[in-house]
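Asks: From the two separate chains plus the hints, produce the assembled complex.
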Amino acid sequence: MPPETRTTAASGRQQGAAPDVIHNIGYRTYDGPRLGRGYARRSLYAQSLRGAYGLGRSAKSKVMPMILFGVMCLPAAIVVAVAVSTKMNKLPMEYTRYAIWLQLVIGLYLAAQAPQSVSRDLRFRTVPLYFSRPIERVDYVVAKFAAMASALFVLTATPLLILYVGALLAKMDFAVQTKGFAYGLASVTLLSLFYAGIGLVVAALTPRRGFGVAAVIAVLTIPYGAVSTIQNIALASDNIRAVEWLGLFSPITLIDGVQTAFLSATSAFPDGHGPGTGAGTVYLLVVLALIAGSYGLLMRRYRKAGL
Amino acid sequence: MYHPTVARLTYRGLLGRRRALILFALPALLLAISVAVRLLTGADDQTAANVLGGFALATMVPLIGVIAGTGAIGPEIDDGSVVYLLSKPVKRTSIILTKLTVAAGVSVAFSAVPTLIAGFLLNGNSRQIAVAYAVAAAVASVAYSAIFLLLGTVTRHAVVASLVYALVWESLFGSLIPGARTLSVQQWALSLAQRIAGEGAVDAEVGLPLALTLLVAVTVAATAFAAHKLRSLTLGGEE
Chain V
1 MPPETRTTAA SGRQQGAAPD VIHNIGYRTY DGPRLGRGYA RRSLYAQSLR
51 GAYGLGRSAK SKVMPMILFG VMCLPAAIVV AVAVSTKMNK LPMEYTRYAI
101 WLQLVIGLYL AAQAPQSVSR DLRFRTVPLY FSRPIERVDY VVAKFAAMAS
151 ALFVLTATPL LILYVGALLA KMDFAVQTKG FAYGLASVTL LSLFYAGIGL
201 VVAALTPRRG FGVAAVIAVL TIPYGAVSTI QNIALASDNI RAVEWLGLFS
251 PITLIDGVQT AFLSATSAFP DGHGPGTGAG TVYLLVVLAL IAGSYGLLMR
301 RYRKAGL
Chain L
308 MYHPTVARLT YRGLLGRRRA LILFALPALL LAISVAVRLL TGADDQTAAN
358 VLGGFALATM VPLIGVIAGT GAIGPEIDDG SVVYLLSKPV KRTSIILTKL
408 TVAAGVSVAF SAVPTLIAGF LLNGNSRQIA VAYAVAAAVA SVAYSAIFLL
458 LGTVTRHAVV ASLVYALVWE SLFGSLIPGA RTLSVQQWAL SLAQRIAGEG
508 AVDAEVGLPL ALTLLVAVTV AATAFAAHKL RSLTLGGEE
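Residue numbers (our numbering), protein chains in the order written: chain V, 1 to 307; chain L, 308 to 546.
Only chain L is shown next, with the shape it has when bound in the complex (with noise of 0.2 Å):
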């Protein structure tokens, strides 16, 4: 299900070019925040996880999400070279799962491992706040890769979509009306955040159960859906 050239492709597709520039920028913002965070005030936890909820797991996980979900197929569907690779003798399904694993590993590389490192430079791990939000980070990444490699595939505009997404519904909505919380990759991925980290370090809208059990049956059903895409696609041209 694996497909190895495919896979080459793709990691070529999406660190290549300027798109890396984004992808290295902003985990780099990340650890720089967090150096001066902890020169200005020290480490304290409610800081740290200020700076690991407010920024890196509400802005910074997103948005590379987006980068790398939409990344992983958009572009090829967008200029129409997609044609060469389903032309060729490869199982639809099997070019989205390795397109999937692609897109969730450049993301977690990209969020979690940044998020651990920030966690440890702004307190030290202590209360486990590091290792939480590294979880939920990559948690939510592999979430967000599902979710906007679907969209990749469904829509022209993947990236404007999974931006309203992320940006309005996660943010805007999410903090306006309580409900959209519950429908939230972000609180899914800070319930089990919560449940990592020490007593009262992480707040989540939603029970571990309910979480995981979403976060799992949305991964799964995006994937499914944009194989099932995937297989029924035809090329539009160009507006």
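Only chain V is shown next, with the shape it has when bound in the complex (with noise of 0.2 Å):
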């Protein structure tokens, strides 16, 4: 294309003065494929769950996370080898009770990944240049809810999946260890979206990182400190039915009383008396309610974030 130019006409109070004038020097637009909303969704979601395990980010921040998973993961190895060796006939633990046993080391990680995801964009004001992509508000809040819930997934499926394969190659029952593994997925997968909305809640209402760890730990980890003191205290004065209603009232408790009540798990409730089927479909209900209220408040969030 030859560089034209165009002249436009000199303004009127400047006359005799060299006329303004706009040199075309060939810029083209873009006509490339265009790869639109879908790929810039996955992208935003593919960066973020390799983000919440440190990968493309600083080796720093590659310490935490990988630290966390591989604590999270030991205690199963070493289930399975004690297993092996003293030629059990099944696991010495449940499936199911894993995630509620080492309960801990996910809210740690939860703590601290859910505000790097999320607390980062809001604080650097970036948010509204993933907004000048062809991404809607409802793709950020998906993509980065998925994103948090499929790591959490990663990090509380894993040890199951290793228990699972050591089960096996023990000679275990294959039937009986199937169920008591998909059950095992069901329960994580029902607490990595619940956990996952909790975390990215919080984090994106408490921008500075610091206070949105401290935060999340303080939501996850309270309730459950409440709960079951006065669950224990409750037991003391042989009140059955209230220990069985309390759970509703802390993250964990709520996983455990819906395992407890369709996914045949022993409730670690004190002295195990968790919910039956009736009270399990309140627990259910509940957490069911947490993660679409949860899913509603980050699109409230975002509404006008950053602008």
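Errors might be hidden in some of the hints.
[As the list claims (entries may be wrong)] Taking lysine-lysine and the BS3-like style, the derived pairs with C-alpha atoms no more than 30 Å apart in a straight line are:
#1 V/K90 x V/K171
#2 L/K395 x L/K536
#3 V/K90 x V/K179
#4 V/K60 x L/K536
#5 V/K87 x V/K171
#6 L/K536 x V/K62
These aren't lab readings, by the way, just hints derived from the structure by calculation.
Replies: Below you can see the structure in the form of structure tokens.
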């Protein structure tokens, strides 16, 4: 394309001065393929998921997630090693119990990674840059939510996979182990979605990193501390129904209640007094409502984010 | 060694904004639980010890310590505004001491005082349980503040590191491995509570002389090291 010049009329005030000129120096518009909204959403999802394990970030930010991932898998490997070497005919630990047992590690992982996933974008006001791409608010929220949930699922399902493979290698009963593994996976899927929602909402509301971490961990552990203290006291005064219903008030006991009622888990409630099917339905509804609620809150949070 | 302006700025940083919400919510929750328990079960020494030991000292005090200790210096280092403080003609040792005083004061006010009130609500200070746990909470708060203030100067991930210590080391390992309890601020504070409370009301794993020595040693060492770190602080960029 040969460069053309086009002249415009000089303004009336400056008679005699050189006329203002706009040169066409051959800029061309982009006419290659446009990857569009779906691609941007997938990229954001992949980048957030990798970021949750520090991949594609500095070496320092890989340390914490990798250590927590290792801590999460190590007990599973030990359990398998013990079970194999002593020739047990079933695993000494239920699949569904594993995440409950290591809830602190999951909580710490969420507290460390949820703020890095959303708070930095808010703090450095880079959110508008995302929305200058062909993604909508719903894409951003869904991608971040899905990435956090997937990261948590990887964290919680990998040890279950280690347990399962170990159990099969030790020639334990295939049907029983597969059923236990499937129940375990269902439970950690629910847990991942639920925890991701809580973590992201708290992190999105507290853009300062340090405080976000503390707030996430407080939301997870304080209700648990309070609930289990009161549950023990209720048990001591023989108020079993109170033990059953009190579990509604902290995240991990909610998950515990759901899997006790529907996934044939043994409850970690004091003395094993988990909810039955009736109360379990309430537990499940509360968990689903909280997942939906956290999604709604995130959508609301990003309505005016960074603008 | 105490600088009023630094103290005022630290107070504002700690109690301003939403940080104060957690600081107020935790004691409020403790008091609510105490009232509920008292109404449900009546005054009972064992229950009181369970609530104060299980919730107040094991969960609330470390968390308030984390928020106050790391919050006193962490955010300033994180967003780089600490250079304005460091460029003033104030000794860095006295900056650390002032921030420690404020952090310890805030955590004592938000943990020991509610613990005392909760103890009185639960069983009216029978067998000195309320006073014992309040003293334990106060001592633990000071030690936690010093340790977490140090972590705030050492690493950018101070909050996570503090939580790993408070939750994983003290709660998880403490409940699995008996040896880990010897190196736990919570147990040192409990041994003091054991001495104050009536016979058999509080169980501690560590003897009193050892516990007191370790408490003082850890607090002093952490403060000294924090001062040393602040003297040689370099500011890095955001990752």
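Asks: Please go over all the hints and tell whether each is borne out by the structure.
Replies: Verification of the hints:
no.: 1; hint: V/K90 x V/K171; in the structure: holds, 9 Å
no.: 2; hint: L/K395 x L/K536; in the structure: holds, 17 Å
no.: 3; hint: V/K90 x V/K179; in the structure: holds, 13 Å
no.: 4; hint: V/K60 x L/K536; in the structure: holds, 19 Å
no.: 5; hint: V/K87 x V/K171; in the structure: holds, 9 Å
no.: 6; hint: L/K536 x V/K62; in the structure: holds, 24 Å
Going through the hint list in order, the structure satisfies each hint without exception.
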